[in-house]
Amino acid sequence: MQRFTIPRDVYFGENAIEYLKSEKGTRAMLMIGSERLIKDGTVPAIQELLKEANIETSVFSGVENDPSVETVLKGSEAMKEFNPDLIIGIGGGSPIDAAKAMWIFYEYPEFTFEEAAKPFNLPELRKKARFIAIPTTSGTGSEVTAFSIITDEKTGIKYPIADYNITPDVAIVDTNLVQSMTPFLVANTGMDALTHSFEAYVSTAKNAITDAVAMKSIEMTVEHLVKSFNGDEEARKEMHIAQSMAGMAFSNAILGIVHSMAHKTGKIFNIPHGLANAIYLPYAIQFNAKSARAAYADIARRLGLKGETTEELVQSLIQMVKEFRVAMNMPATLREFGVSEEDFKSNLDLISEGAVRDACTGTNPREISVGEMKKLFEATYYGTEVNF
1 MQRFTIPRDV YFGENAIEYL KSEKGTRAML MIGSERLIKD GTVPAIQELL KEANIETSVF
61 SGVENDPSVE TVLKGSEAMK EFNPDLIIGI GGGSPIDAAK AMWIFYEYPE FTFEEAAKPF
121 NLPELRKKAR FIAIPTTSGT GSEVTAFSII TDEKTGIKYP IADYNITPDV AIVDTNLVQS
181 MTPFLVANTG MDALTHSFEA YVSTAKNAIT DAVAMKSIEM TVEHLVKSFN GDEEARKEMH
241 IAQSMAGMAF SNAILGIVHS MAHKTGKIFN IPHGLANAIY LPYAIQFNAK SARAAYADIA
301 RRLGLKGETT EELVQSLIQM VKEFRVAMNM PATLREFGVS EEDFKSNLDL ISEGAVRDAC
361 TGTNPREISV GEMKKLFEAT YYGTEVNF
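Numbering of the sequence shown is given in the UniProt record's numbering, commencing with residue 1 and proceeding in unit increments.
Derived by calculation from the structure, the hints in this document are not laboratory data. Just so you know, not all the hints are guaranteed correct.
What the hints assert, rightly or not - Here are the in silico distance ranges between beta carbons for each label pair:
no.	residue 1	residue 2	range
1	ASN15	ASN207	13 to 23 Å
2	ALA53	LEU303	36 to 46 Å
3	GLY383	PRO44	44 to 54 Å
4	ASN83	PRO123	28 to 38 Å
5	GLU56	GLU367	46 to 56 Å
6	SER180	LYS51	22 to 32 Å
Note that the Cβ used here is the ideal one computed from N, Cα and C, for glycine as well.
From just these sequences and the hints, can you work out the full model?
So, in structure tokens, the structure goes:
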């Protein structure tokens, strides 16, 4: 038996946050990253809508990139003091991920991160509060997923929380909220979304439903990403919906080695997650093609890319990804990004072993050894072909 889980309600399009005027509740805790969303009017607008619904609000700010255990515990304590029946994560993936984790410890204070990190091990939530997610970037898909990743800064341990319990009750994908994104952020989040869909489409856990939303997301992203990077307002609106569909796909089909590699190198090399995905994706397609050639060729064929044979179609798909990087001024290798050869070589064993152990590797279409992962990382550093 298979399962496909997304929020019960997804409100999307222009002015979708107007839904909040009809929300039911008494107190809402708003979780954000920096105070930019307060200064630019996003949070005040949301508070005003909730006020119309007679819902009192409190704001917790300061969620960092790669949210920490310390921040999550601070947030859950703030929730205990305010006692909300609504929790609203607003922003990119980090604030929404952090809010999901805070929700767990708000409802179950004695629970531990070690217990939370066991896949699908959470107790039943919604005893105290419901969860709403409002993304203001177009890439992570966290507003529709069953995942949250929290980092213990003291030990370096990452706690990947995976449980359908933390799938938001409501996702509000308001296309007006992403118009102020910088081109750099558009590029990184957009390539993250494209990678989500690609990896979901070739995952060993894929199914007919995940294929459908992944492929539509790919089509929309290919059409609109570069236009969005160049500031086209309509393209940004389309990308915001496309990335949410990509989230729906990978939340149910899981991911692959591109994300495994990005997870293990982001902090060590100080490389933004979406940018890391953009570097690794073409090399991973080359590696995975031995097992997933037909699926990659199917994507290329549906996109109308050139190619008479399966191999030609796969090469066209790889070339398309490379052209996206060029169009958005993104580096093609880790060396071009600025990672020194000394740093790369000194960390190669660590990142290779970690990437193979990463949860996303389990649904990659081709099995990979530590030795192969090292060779794959070397290809992404030096820009060499993957022919093993």
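Cross-check of the supplied hints:
1. Taken as a hint, the range 13 to 23 Å is violated for the pair ASN15 and ASN207, whose Cβ atoms sit roughly 33 Å apart.
2. Taken as a hint, the range 36 to 46 Å holds for the pair ALA53 and LEU303, whose Cβ atoms sit roughly 43 Å apart.
3. Remark: the range hint 44 to 54 Å for GLY383 to PRO44 is upheld by a beta-carbon distance near 47 Å.
4. About 19 Å separates the C-beta atoms of ASN83 and PRO123, a value inconsistent with the hinted range of 28 to 38 Å.
5. Take GLU56 and GLU367: their Cβ atoms lie about 52 Å apart, and the range 46 to 56 Å holds.
6. Distance hint check for SER180 and LYS51: the Cβ-Cβ separation is about 24 Å, which falls inside the suggested range of 22 to 32 Å.
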